[in-house]
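Enquirer: As a plain string of letters, each chain reads:
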Amino acid sequence: MRFLMTVTASQAPDEKVYAEMGQLVEELTRTGVLLATGGLDPVGTRVSATDGKVTVTDGPFTEAKEAIISFALVDARSKDEAIELARRFWQVARTGEGAIQQVYGPE
Amino acid sequence: MTPAPPGLDCAATPAGDLIGWVSVPEAHRAVDAVWRLESARIIAGLARIAGDVGLAEDLAQEALVAALRQWPESGIPPNPGAWLMATAKHQAVDRLRRDERLQRNVDLLGHELRTRQRAAVFAGAPEFDAVTDEDFVPDDLLRLMFVACHPVLSAQARVALTLRLLGGLATGEIARAFLTAEPTIAQRIVRAKRTLADQQVPFAVPPAGERPARLASVLEVLYLIFNEGYTATAGDSWIRPELCYEALRLGRMLAELSPDEPEVHGLVALMEIQSSRMQARLSPAGEPVPLLEQNRGTWDQLLIRRGFAALLRAQSLGRPAGPYVLQAAIAACHASARSGDQTNWEQIAALYDLLVRAVPTGVVELNRAVAVGMAFGPARGLELADALTSRPELRNYHLLPSVRADFLAKLGRFEESRAEFTRAASLTGNAAERAVLLKRASAGFPQSGTGILKTP
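Line by line, the protein sequences are chains A and B. Position 76, counted from 1, in the first sequence is what the working numbering calls 76; the numbers after and before it change by one each time, with no gaps. Take any residue in the second sequence, note its place counting from 1, add 107, and you have its number in the working numbering.
If we strip away everything but chain B, and leave its shape as in the complex, we get (with noise of 0.2 Å):
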């Protein structure tokens, strides 16, 4: 049973207020709308207490089911995300109580409730606020990113498990973004839950020499978020914009939390600036419109104002470039550029260069070669992506013969080109793109164009 939370008198709130009786489906919403803005700060703040992430979620789990309970009944109440914590408070020192592991914290924890929740039930609501906003701090919330991105975790547990505590988002929901059964994400999320307690990962941020590192991987799973959104690799639809957009909320979120990492702010730059071309990247028909052909008068300029403002900061900080901030100069390039080709590739292909130094893969050789192909000649680009066929990891990779069709289109060799399309269609497993690459495997002439690689 669930003790009602203190400073929870609804029948005191004044009517007329905008907090009053709800029915129940409207309740519903407005919980699940809190959760999805509150939960990840209430996690944060109940592991730091409870010192166990899958704990601290669980604890947070029963408050939301006790405030489907109470909700509908009671009205909404003024402070949501701070009534949902007292409640998961309340519940936490009853379960640490029957857990002789973590006696000591009870005692702590115990202490700290009567002494700070006696005075807010005595002192009414406003003061209730002001005692629950020690709660929330921010730091906790970066601690919480770290941990669910921890490496002794699978990239796809580290990808589900931030999803779910730092998203807000249901399993379900998760499951559908990755056209993944729910039992198989369920089963993801409890593992890695099991695993961070089983390996004693500490609710800390990491010490200075393992930050680096440990970094990389946070912004490494924001990224994989967004893009399986930007170019879904499975299923029907080409975008999710659901995902791009809570990377997103992530990336400012976390910019926020770590405001001296230029490559955080990198990141955020990117997919600022990728997102604001979302809707110019999908033709009414539903398939993908490449860079040099999309409509820029539909990019979203407010997302490229936020997009250069996230990348001066980062260079404000005078490092040297990191990936991100690379990627997203490139993607700055291609933003400021007024139309396809006034493009400035040179500097592109610069940046490419720099960039193959940082992160020497096979994907961004790739991208390279392209860049270098719009600056100086097609069959500059065709040599350096033929180089690439025998890496291993472009085998089955549908954007090299792509790109290599495209030069070869270029260059006039109408036939090798249309058998590199035909490749490119086979290898990929998104429909969208798959039909655009047939399109143009069966054109009988030359396009315009990069192909559909994926430029930043």
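Looking at chain A on its own, in the form it has when it is part of the complex (with noise of 0.2 Å):
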């Protein structure tokens, strides 16, 4: 199962959170778990559609808490193994918020 693990906020990182950032990174890479990995950028443009009519807005926005700044899309066997997943990204992370979830398709 895949999940798409993003993080909406966190706590700038110290050079001690990079490094076992990417100590993480590399385990979980490296054991097949990891299968993309990025940070984007929080002003983003925003598309909408009505009735496929497109609009397109450039950024930034006021309520720019819920844009997603970072991504991990993870294989698990399970639910309860993707958020130990994340229960270890965040013990490196330390603080902020994100959320775990399931992406249909392909087991």
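Some hints here could point you the wrong way.
[Unchecked claim] Straight-line distance between alpha carbons at most 20 Å, and here's what the computed EDC-like set of lysine to aspartate or glutamate pairs gives:
#, chain 1, residue 1, chain 2, residue 2
1, A, K79, B, E133
2, A, K79, B, E280
3, B, K517, B, E500
4, A, K79, B, E349
5, B, K546, B, E523
6, A, K16, A, E27
7, A, K79, B, D139
8, B, K517, B, E453
Just so you know, these hints were derived from the structure itself, not from any lab.
Using the hints, build the complex out of the two chains.
Expert: See below:
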């Protein structure tokens, strides 16, 4: 099962967090758990559509709080395992907020 | 009674941290997830200390029981893997002390524990992590894989033990995956552990001379697990993805542990690319869909890319292609064809020519017959398939009549084709597969495709 883990808020990482996060990412990549990961430009561009009429709005937005600032696509055997991986992530990242969502599709 | 491992003063955990008070079922689920992620490393580390895989697993299991008892009250510790390891090591000291056979290990371990963990107790949690990191040696996992797949064990025992020790699967889960009774699997695992102890199989990677054969055994076990998931040989469901995923996960792990072995990367590439078609291989009604009729838009491109990367790693090692690398190369041919009729069958047939030389089994020759038939016409393919009907290992293999039926249909020999499809249906133990074969047997017109031969 694949899960998308997203972060919407986190404390600014210091050197220690960077190093530990690098280690964690490396370990999870090596073991094939982490399929893709990246940080996102919090500004972004908003795209909306009404009956096929597309509206594009450039950021920044005032309600940037919900914007995703980083993501990780992981392979796990169960939701509990994904939660456990998230626990590891936040052990390193310390303070912040995010979500775990199962990606429907291939097992 | 389990001594509380040091560095686990959960009351000191700051409120608001992710770790905290948890409900009992929540804690149990967390223990389960931690176990699945960590048990292989823990068992491997303990096996190095105890020199016995069976004992290592018992100790790890006891630590698991302790976690189930304590975590609902204490909360989940910050480093759950290290907690389990420390608990198991405490139990190891208790056990080993009682066991004179291992007296010398006790002295060693006792000393190690005293010095390292005293430091940890006084230093607090962060140091505790640093201390226990030394317990997790990546090579221990490799040793554990070699031991679980040791040739003194039957293939079935290797599969069960690998899923148990390296996959962290419970006996019941293994039994369900293989549609076997739980006591049968339990007994298989107990016997396997006893055999390893009786034969004094060392907890070590094999010496250079034995390594190729032992590695082949490991790869065989992983591919057996994968194939049991990819084409379930019995039962109503044709695919058991959880087994495929387990094999893939262990393969990826093995590739990191032995990066210089082209066949390991070959097997990983093969499994990644085959997994990419998991969704496309089943119709919405749950029927198997032949490769050439699959909707390639649903092939998982991420897995295909991983497969190609693994294949490149194998090829970059610059050694002659072994069976898994060849099969992965064939799988890659299919993966890179945008549609079924753009498949480079000549190249696939050429790869099968090489594969038949490396693995001269009836099944591989049958696959070659299919490729040759696709590349050079059904008459050539049928000729090769006909030559296989006298092979004893294919006598009850449903795919031989299935392949022949397909070629016969393409040659317009429909009566013979129908008879062969019916025969194929009578030989398969899988309900979904049988339904497809019977449907083709009753169809009055030729169909495209290569039957449901499992093409890499």
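Enquirer: Against each hint, give a clear statement of whether it holds in the structure.
Expert: Verification of the hints:
{"no.": "1", "hint": "K79(A) to E133(B)", "result": "holds (12 Å)"}
{"no.": "2", "hint": "K79(A) to E280(B)", "result": "holds (17 Å)"}
{"no.": "3", "hint": "K517(B) to E500(B)", "result": "violated (26 Å)"}
{"no.": "4", "hint": "K79(A) to E349(B)", "result": "holds (14 Å)"}
{"no.": "5", "hint": "K546(B) to E523(B)", "result": "holds (15 Å)"}
{"no.": "6", "hint": "K16(A) to E27(A)", "result": "holds (17 Å)"}
{"no.": "7", "hint": "K79(A) to D139(B)", "result": "holds (11 Å)"}
{"no.": "8", "hint": "K517(B) to E453(B)", "result": "holds (19 Å)"}
In summary, the one numbered hint that this structure violates is 3.
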